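Q: Listed below, chain by chain, are the residues.
2 protein chains.
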Amino acid sequence: MGDRVFSKTTVDYSLYLVTDRDLSLGRSNLEVIEAAVAGGVTVVQLREKYATTKEFYEEGLRIRDFLQSKHIPLIINDRIDIALAVDADGVHVGQDDMPVDVARSILGPDKIIGASAFNVDEATTAEAMGADYLGLSPIFVTATKPELVEQIGIERISSFRESLRIPLVGIGSMNRSNVYEAVMAGLDGVAVVSAICAQEDPRAAAQAIRAEVMKAKSKTTKPQRDPT
Amino acid sequence: MGDRVFSKTTVDYSLYLVTDRDLSLGRSNLEVIEAAVAGGVTVVQLREKYATTKEFYEEGLRIRDFLQSKHIPLIINDRIDIALAVDADGVHVGQDDMPVDVARSILGPDKIIGASAFNVDEATTAEAMGADYLGLSPIFVTATKPELVEQIGIERISSFRESLRIPLVGIGSMNRSNVYEAVMAGLDGVAVVSAICAQEDPRAAAQAIRAEVMKAKSKTTKPQRDPT
Numbered sequence: 043m044g045d046r047v048f049s050k051t052t053v054d055y056s057l058y059l060v061t062d063r064d065l066s067l068g069r070s071n072l073e074v075i076e077a078a079v080a081g082g083v084t085v086v087q088l089r090e091k092y093a094t095t096k097e098f099y100e101e102g103l104r105i106r107d108f109l110q111s112k113h114i115p116l117i118i119n120d121r122i123d124i125a126l127a128v129d130a131d132g133v134h135v136g137q138d139d140m141p142v143d144v145a146r147s148i149l150g151p152d153k154i155i156g157a158s159a160f161n162v163d164e165a166t167t168a169e170a171m172g173a174d175y176l177g178l179s180p181i182f183v184t185a186t187k188p189e190l191v192e193q194i195g196i197e198r199i200s201s202f203r204e205s206l207r208i209p210l211v212g213i214g215s216m217n218r219s220n221v222y223e224a225v226m227a228g229l230d231g232v233a234v235v236s237a238i239c240a241q242e243d244p245r246a247a248a249q250a251i252r253a254e255v256m257k258a259k260s261k262t263t264k265p266q267r268d269p270t
Numbered sequence: 043m044g045d046r047v048f049s050k051t052t053v054d055y056s057l058y059l060v061t062d063r064d065l066s067l068g069r070s071n072l073e074v075i076e077a078a079v080a081g082g083v084t085v086v087q088l089r090e091k092y093a094t095t096k097e098f099y100e101e102g103l104r105i106r107d108f109l110q111s112k113h114i115p116l117i118i119n120d121r122i123d124i125a126l127a128v129d130a131d132g133v134h135v136g137q138d139d140m141p142v143d144v145a146r147s148i149l150g151p152d153k154i155i156g157a158s159a160f161n162v163d164e165a166t167t168a169e170a171m172g173a174d175y176l177g178l179s180p181i182f183v184t185a186t187k188p189e190l191v192e193q194i195g196i197e198r199i200s201s202f203r204e205s206l207r208i209p210l211v212g213i214g215s216m217n218r219s220n221v222y223e224a225v226m227a228g229l230d231g232v233a234v235v236s237a238i239c240a241q242e243d244p245r246a247a248a249q250a251i252r253a254e255v256m257k258a259k260s261k262t263t264k265p266q267r268d269p270t
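Chain order of the listed sequences is A and B. Numbering-wise (the working numbering), the first sequence opens with residue 43 and increments by one. Numbering-wise (the working numbering), the second sequence opens with residue 43 and increments by one.
Keep in mind that the hints were calculated from the coordinates and are not lab data. Here the structure is a predicted model, which means the values were calculated and not measured. All C-beta atoms in this analysis are idealised placements derived from N, C-alpha and C, irrespective of residue type, glycine included. Do not take every clue at face value.
Only pairs whose alpha carbons sit at most 20 Å apart, straight line, appear in this in silico DMTMM-like list of lysine to aspartate or glutamate [what the hints assert, rightly or not]:
| no. | chain 1 | residue 1 | chain 2 | residue 2 |
| --- | --- | --- | --- | --- |
| 1 | B | Lys96 | A | Glu169 |
| 2 | B | Lys96 | A | Asp143 |
| 3 | A | Lys96 | B | Asp138 |
| 4 | B | Lys96 | A | Asp138 |
| 5 | A | Lys96 | B | Glu169 |
| 6 | B | Lys96 | A | Glu204 |
| 7 | B | Lys91 | B | Asp54 |
| 8 | B | Lys91 | A | Glu164 |
Anything over 10 Å on all C-beta distances counts as not near chain B; from chain A, calculated [said to hold, decoys possible]:
| no. | residue |
| --- | --- |
| 9 | Asp62 |
| 10 | Thr94 |
| 11 | Asp107 |
| 12 | Ala258 |
| 13 | Lys259 |
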C-alpha cells in the first residue's frame, strides 16, 4: 500500500465518483477526476465498459498515480485483475461480477471490496461475505426508463441502515437536489456519475453535492466512521 | 495446485483447444471439451467473449473440475482474475491484454503464462518478460479476409524457433491438413478453434489432428519437452 495515508476502515464515502467516458463531454477520465477531486470527491471508482485489458490497465495506472498523490482511494469496477495490476485500493462488484467471498480470497483482507445491492437480502449476504461497503442501487430511477427497474427510494434506506453495519453508499440519479434527504435517511455517502461527469464544471458540481452531503452529515447524530 | 500431476515445465502443447461458443454448433463448452479431450487434446484455453465476470467464473469452475479430473491443463484467455478465482493452470494474454511481466507479478512463478506474438520481436519480448509458451498468430489467414492481416506462414516458423527457447504453439486456420508441416517446421504444438469446435464430431476431429501432430513429432529430432 506504500505511502497511502488511509486504511480501509477510515475511508470517507461522502462523495463517490463513478467514471463514465460516454458522459464526460469528450474529456478524459483524468480531466474529470482532477476537477472532481478539487471539488471534494472523496472516493473514485474507475469503470471501463469497452476498454481492452491493456487499455484499462494503462488508464488505471494514470488514475492511480494522480489519486495516490491526493490520498483519495481508487476503486476498480468489476476487474480484480486490474485492481491488482495497478495496486488500486479496492474493487466494486455488482451482482453479475465476482462473488464477494471469491474476490476477498483473491484480494486479501486489506483491499476494499464494495458490492452492489438492490434489496436487504443482497446487502446482508454481501456483508456476510466480507464486503466493506455497499452500493445501494438504484436509489432513484430516471424518468426516461421507469419500467426497467424499481427504485429503492428514500423511504427504504432506513431498512438497510438497520440491518447492516458497513457503510452504505447510494447510487442512481443522485444529484445536488436529492442527496441531502438521502444522507439524512441513513446513507454514509452518495455515488454519482452524470451529476459530475456530464457537467460543464465538474469541480463546481462536486463542490455543490459535497456541501449538501456535509450539511446532512452535520445534522445526523449517528457516529461518523470517518474521523476527518 | 492440489492433485495436479503435471508441473508447468512438462506441459504437452501438442494439441491446444481454444473454445468458441459461437462456433460450437449450439453445444456447451463443456460438451465440446469432453469430446475433444477424449480425442486427444492436451491443453484447453477457455475463452469467453461476451460473458459477465460471474458467468465466466462459473463456467471456469465447471471446466476446471472436468479438466482436473483428466489431468489436462486449463488456460484462461486474458482474464487473470478468472484464472485466480477458479485456480486455473494459467492465462493466455494477447497484445491487447495485460503485459506478461505484470501478469507474472500477479500470478507468481508457478502459473503458466502464454503470450500471443506475430513477429520475432514480440516473441522475444514476451519470453524475456516471463512467458512460458508463445502462441504464434496467425500461422495461416483464412481466404475470406486476407487483407486484414499478414500470415506468418510455414516458412517463417524456423526463425521463431531459432530465436526462442520456450514452446511455440501455432494458431490461425490450423487443421488436419496443415498441422503436419507446421510441426515439422518447428512448432511444439498447434492451437485450433473451429477445426474442433465447429465439427460435428469433435472427438474424431481431435484424434485426426493429434495423429498428424504426433506423426510430425516422431520425425523431428529436437528433444521433446514432454516426457510422456
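Q: Evaluate each hint against the coordinates.
A: Here is how each hint holds up against the structure:
A distance of roughly 18 Å separates the Cα atoms of B/Lys96 and A/Glu169; the hinted pair therefore holds under the 20 Å criterion. Distance restraint check for B/Lys96 and A/Asp143: the Cα-Cα separation of roughly 12 Å lies within the 20 Å cut-off, and the hinted pair is therefore satisfied. Annotation: proposed proximity of A/Lys96 to B/Asp138 holds, straight-line Cα distance about 5 Å (limit 20 Å). Distance hint between B/Lys96 and A/Asp138 is fulfilled; the C-alpha atoms sit about 5 Å from each other, no more than 20 Å.
The suggested pairing of A/Lys96 with B/Glu169 holds, with an alpha-carbon distance near 18 Å, which does not exceed 20 Å. Pair hint B/Lys96 plus A/Glu204 does not hold up; C-alpha atoms about 29 Å apart against a cutoff of 20 Å. In summary, the hint linking B/Lys91 to B/Asp54 is not supported, as the alpha carbons are separated by about 26 Å, beyond the 20 Å threshold. A threshold of 20 Å between alpha carbons decides the hint, and for B/Lys91 with A/Glu164 the separation of about 28 Å lies outside it, so the pair is violated.
Chain B leaves A/Asp62 outside its interface by the beta-carbon criterion, the shortest separation being 19 Å against a cut-off of 10 Å. The Cβ of A/Thr94 sits about 4 Å from the closest Cβ of chain B, inside the 10 Å cut-off, so the non-interface label is violated. Annotated as non-interface, A/Asp107 keeps its C-beta farther than 10 Å from every C-beta of chain B; the closest such distance is 15 Å. Chain B leaves A/Ala258 outside its interface by the beta-carbon criterion, the shortest separation being 34 Å against a cut-off of 10 Å.
Every CB of chain B is more than 10 Å from the CB of A/Lys259 (nearest about 33 Å), matching its label as outside the interface.
Comparing the model with each earlier hint shows violations of hints 6, 7, 8 and 10; every other hint is respected.
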